[in-house]
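Colleague: My request is simple: use the sequences and hints to build the entire structure.
There are 4 protein chains.
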Amino acid sequence: MEINVEKRIKNSFARQTVMTTIGASITRVKPGEVSVEVPFRSDLTQQHGFFHAGVVTMIVDTACGYAALTCMPVVAAVLTVEYKVNFLSPASGEKLIARGRVLKPGRTLTVCFGEVHALQEGKEKLVATMLATMMKCEDTGLTD
Amino acid sequence: MEINVEKRIKNSFARQTVMTTIGASITRVKPGEVSVEVPFRSDLTQQHGFFHAGVVTMIVDTACGYAALTCMPVVAAVLTVEYKVNFLSPASGEKLIARGRVLKPGRTLTVCFGEVHALQEGKEKLVATMLATMMKCEDTGLTD
Amino acid sequence: MEINVEKRIKNSFARQTVMTTIGASITRVKPGEVSVEVPFRSDLTQQHGFFHAGVVTMIVDTACGYAALTCMPVVAAVLTVEYKVNFLSPASGEKLIARGRVLKPGRTLTVCFGEVHALQEGKEKLVATMLATMMKCEDTGLTD
Amino acid sequence: MEINVEKRIKNSFARQTVMTTIGASITRVKPGEVSVEVPFRSDLTQQHGFFHAGVVTMIVDTACGYAALTCMPVVAAVLTVEYKVNFLSPASGEKLIARGRVLKPGRTLTVCFGEVHALQEGKEKLVATMLATMMKCEDTGLTD
Numbered sequence: 025m026e027i028n029v030e031k032r033i034k035n036s037f038a039r040q041t042v043m044t045t046i047g048a049s050i051t052r053v054k055p056g057e058v059s060v061e062v063p064f065r066s067d068l069t070q071q072h073g074f075f076h077a078g079v080v081t082m083i084v085d086t087a088c089g090y091a092a093l094t095c096m097p098v099v100a101a102v103l104t105v106e107y108k109v110n111f112l113s114p115a116s117g118e119k120l121i122a123r124g125r126v127l128k129p130g131r132t133l134t135v136c137f138g139e140v141h142a143l144q145e146g147k148e149k150l151v152a153t154m155l156a157t158m159m160k161c162e163d164t165g166l167t168d
Numbered sequence: 025m026e027i028n029v030e031k032r033i034k035n036s037f038a039r040q041t042v043m044t045t046i047g048a049s050i051t052r053v054k055p056g057e058v059s060v061e062v063p064f065r066s067d068l069t070q071q072h073g074f075f076h077a078g079v080v081t082m083i084v085d086t087a088c089g090y091a092a093l094t095c096m097p098v099v100a101a102v103l104t105v106e107y108k109v110n111f112l113s114p115a116s117g118e119k120l121i122a123r124g125r126v127l128k129p130g131r132t133l134t135v136c137f138g139e140v141h142a143l144q145e146g147k148e149k150l151v152a153t154m155l156a157t158m159m160k161c162e163d164t165g166l167t168d
Numbered sequence: 025m026e027i028n029v030e031k032r033i034k035n036s037f038a039r040q041t042v043m044t045t046i047g048a049s050i051t052r053v054k055p056g057e058v059s060v061e062v063p064f065r066s067d068l069t070q071q072h073g074f075f076h077a078g079v080v081t082m083i084v085d086t087a088c089g090y091a092a093l094t095c096m097p098v099v100a101a102v103l104t105v106e107y108k109v110n111f112l113s114p115a116s117g118e119k120l121i122a123r124g125r126v127l128k129p130g131r132t133l134t135v136c137f138g139e140v141h142a143l144q145e146g147k148e149k150l151v152a153t154m155l156a157t158m159m160k161c162e163d164t165g166l167t168d
Numbered sequence: 025m026e027i028n029v030e031k032r033i034k035n036s037f038a039r040q041t042v043m044t045t046i047g048a049s050i051t052r053v054k055p056g057e058v059s060v061e062v063p064f065r066s067d068l069t070q071q072h073g074f075f076h077a078g079v080v081t082m083i084v085d086t087a088c089g090y091a092a093l094t095c096m097p098v099v100a101a102v103l104t105v106e107y108k109v110n111f112l113s114p115a116s117g118e119k120l121i122a123r124g125r126v127l128k129p130g131r132t133l134t135v136c137f138g139e140v141h142a143l144q145e146g147k148e149k150l151v152a153t154m155l156a157t158m159m160k161c162e163d164t165g166l167t168d
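Chains as they are written, first to last, in the numbering used here: chain A, 25 to 168; chain B, 25 to 168; chain C, 25 to 168; chain D, 25 to 168.
It cannot be assumed that every hint is accurate.
Unchecked claim - Under 8 angstroms between C-beta atoms, here's a sample of chain B residues computed to sit facing chain A:
id	residue
1	R39
2	Q71
3	T81
4	T104
5	E106
6	Y107
7	S116
8	L127
9	L143
It should be emphasised that the hints constitute simulated quantities derived from the structure, not laboratory data. All of these numbers come straight from a predicted model, not from anything done at the bench. Yeah, the Cβ is synthetic: ideal placement off N, Cα and C, and Gly gets one too.
Modeller: This is the structure:
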C-alpha cells in the first residue's frame with residue numbers, strides 16, 4: 025500500500041456527505057481491508073426499530089469500495105458495479121461495524137467480500153454479508 | 025389488494041425513520057407495485073457528488089419490500105432476505121424514483137424486481153436494477 | 025446488429041462443448057436478445073427429478089452472454105463477470121427456454137437480464153430469473 | 025451432525041443424475057461443509073476451452089446445498105432459493121474443487137458461502153465464489 029493511501033481514502037470518505045449524514049466513520053485502512061462504523065441512531069431505522077438494510081448496505085459498500093481502492097494506483101477512482109447482500113440477523117445493537125476485504129484484485133475489476141457485525145452488549149453478531157464487484161475508473165478526472 | 029393495504033403500508037413507511045432522514049416518500053401503492061422517491065440533497069452523496077449507492081439501494085429495497093407486502097395477508101410482516109443491485113449509470117439528477125414489483129409471490133418467500141430511475145432535466149434515466157428476496161414473517165408480533 | 029453476428033454467435037455456441045453435452049441449442053439471435061433451449065433428459069436432474077439448478081443457470085448464462093455480444097464490436101470476446109439467479113418454481117417440464125436480454129450495454133461492462141421458462145404441457149412457466157454482468161475482452165486473441 | 029448424514033447426502037447425491045453426467049463426485053461431508061469435485065473433460069467447456077461457468081456453478085451449488093443439509097433435521101429436503109457467483113479467473117486446470125460452507129443456519133433459510141478452486145499443475149487457484157440462500161422444505165414428501 026502506497027504511503028498516502030490512508031490519507032487519500034480518508035479525504036475521499038470525508039467528501040461522501042451521506043456518511044456524515046448517517047454519522048459513519050472510517051476506522052481502519054489496511055492494504056486490502058477497510059472498516060466503517062456507524063453508531064445506532066433512532067433516525068436510521070426501519071419500521072421495527074432496527075438499522076435499515078440500506079444503512080447496513082451503505083457502510084459495507086463504502087468499506088468494500090475503499091478496500092478495492094487500496095489495491096489500485098494513485099490515479100484511479102473506484103465505482104461500485106454491483107453487489108449482493110444477505111441479511112442474516114436483525115441489525116440491532118449499539119453500533120454496526122462493516123469490514124470490506126479484497127478477494128481478488130484485477131486490472132479493471134476487483135471483487136470484494138464484506139461483513140457487517142452489530143455490537144450487542146459488547147459482543148459482535150454477524151448481521152449481513154456482501155459480495156461486490158468494484159471497477160477502476162481512470163477516465164473520470166477524479167482521483168478517489 | 026385488501027382495501028386498507030395502502031394505508032397500512034403508508035403507516036409502516038412513516039415508522040421507517042431513515043426514510044424521513046433522507047427525505048424519501050412513498051408515491052404509489054398498487055397490488056404488486058410500490059414506488060418510493062427521494063429528491064436530491066447534497067448531504068446524500070458519495071465522493072463524486074452523485075447519490076450514494078446506499079441511498080439508491082435503500083429506496084428500491086423499501087419499494088420492493090412493500091410491493092411484496094401488498095401480496096401478503098394482513099397479519100404478515102416482511103423482511104429482506106437478500107438483494108443484488110447492478111448500478112448502470114451515475115445516480116445524478118433532481119430526484120430518484122424507485123419502483124418495486126413482485127415477480128413471484130409465494131407462501132414464505134416473494135421475489136421482487138426493482139428499478140431506480142434518475143430524473144435528469146425532466147427525463148428518466150435508468151440508474152440501477154435490483155433482484156430481491158423478501159420473506160413473510162408471521163411470528164414477529166408485528167403487522168407490517 | 026452487424027450482419028454476421030448471428031453466424032458468429034452460432035459458431036461460437038457450437039464450440040461450447042457443454043451445450044452439446046446437455047443437448048442445448050441456440051434458437052434465437054436478435055440485437056440485444058438471445059434464446060437457448062434444452063429438452064428434458066433424465067440425466068440432467070437433481071435428486072427430485074427436476075432439471076438441476078446448474079442446467080437452468082448454464083443456459084441462461086449463455087443466452088445473456090451472447091445477448092451482450094450482439095452489442096459488441098466484431099473483435100470482442102465476452103466473459104461472465106458475475107450473475108445472480110433466483111429460482112422461482114421447480115424446473116420441471118418438457119424443455120427449458122432461456123431468454124437473455126441486454127439491460128444496459130457499455131464500453132467495458134454490459135448488464136443483462138435473463139428469464140428461464142419451463143414448457144409444461146404446452147404452457148410456459150417462469151422458473152428462474154438472472155441478473156448478470158458481462159465483460160468485453162479485446163485482449164484475449166479470441167473473437168467470440 | 026447426526027451419524028448418518030454423510031450416508032444420506034451421498035445417497036441423495038447419487039440421485040442427482042447430472043452429477044454423473046458431468047463426472048462429479050462428492051469428496052467431503054463435514055458438519056456445515058461439503059466438497060464436490062469434477063475432473064476436466066473436453067465436453068464440459070465454453071468456447072475458449074475452459075470449464076463452462078455453468079459447470080462451476082453447478083458443483084458449488086450442490087456443495088452449498090448439502091452443506092446446508094448437514095445443519096437440518098433428518099426429515100428435511102433442501103432447495104436452492106437463489107445464488108450469486110463471481111468468476112475470478114478462467115476455470116482451467118485438471119479439475120475443479122467446490123467447497124460449500126454454512127455461514128448462517130436458520131429454521132427456514134440457511135445462508136452458505138462457496139468457493140471453487142481449479143487445480144493447475146498441482147496448485148489450487150481460486151476461480152469463483154458463491155453466496156447462496158438455501159431453504160428447508162418439510163412438505164415435499166422427500167427426505168433429502
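Colleague: The structure should be examined with respect to each hint, and the outcome stated for every one.
Modeller: Results for each hint:
Because the beta carbon of B:R39 sits about 4 angstroms from the nearest beta carbon in chain A, less than 8 angstroms, this interface hint is met. With its C-beta approaching chain A no nearer than about 4 angstroms, B:Q71 sits inside the 8 angstroms limit, and its interface hint holds. Residue-level restraint check for B:T81 holds (minimum Cβ-Cβ distance to chain A is 5 angstroms; threshold 8 angstroms). At a threshold of 8 angstroms, the smallest CB-CB gap from B:T104 to chain A is about 5 angstroms, leaving the interface hint in force.
A hinted interface residue such as B:E106 counts as satisfied when its beta carbon comes closer than 8 angstroms to some beta carbon of chain A; here the least separation is about 4 angstroms, so the hint holds. Evaluation of the B:Y107 hint against chain A yields a held restraint, the C-beta minimum of about 6 angstroms falling below 8 angstroms. Nearest Cβ of chain A to the Cβ of B:S116: about 13 angstroms, over the 8 angstroms cut. The hint is violated. Residue-level restraint check for B:L127 is violated (minimum Cβ-Cβ distance to chain A is 16 angstroms; threshold 8 angstroms).
With a cut of 8 angstroms, the hint placing B:L143 at the interface with chain A is violated, because the nearest CB-to-CB distance is about 19 angstroms.
Violated hints for the displayed structure, listed by number in ascending order: 7, 8, 9.
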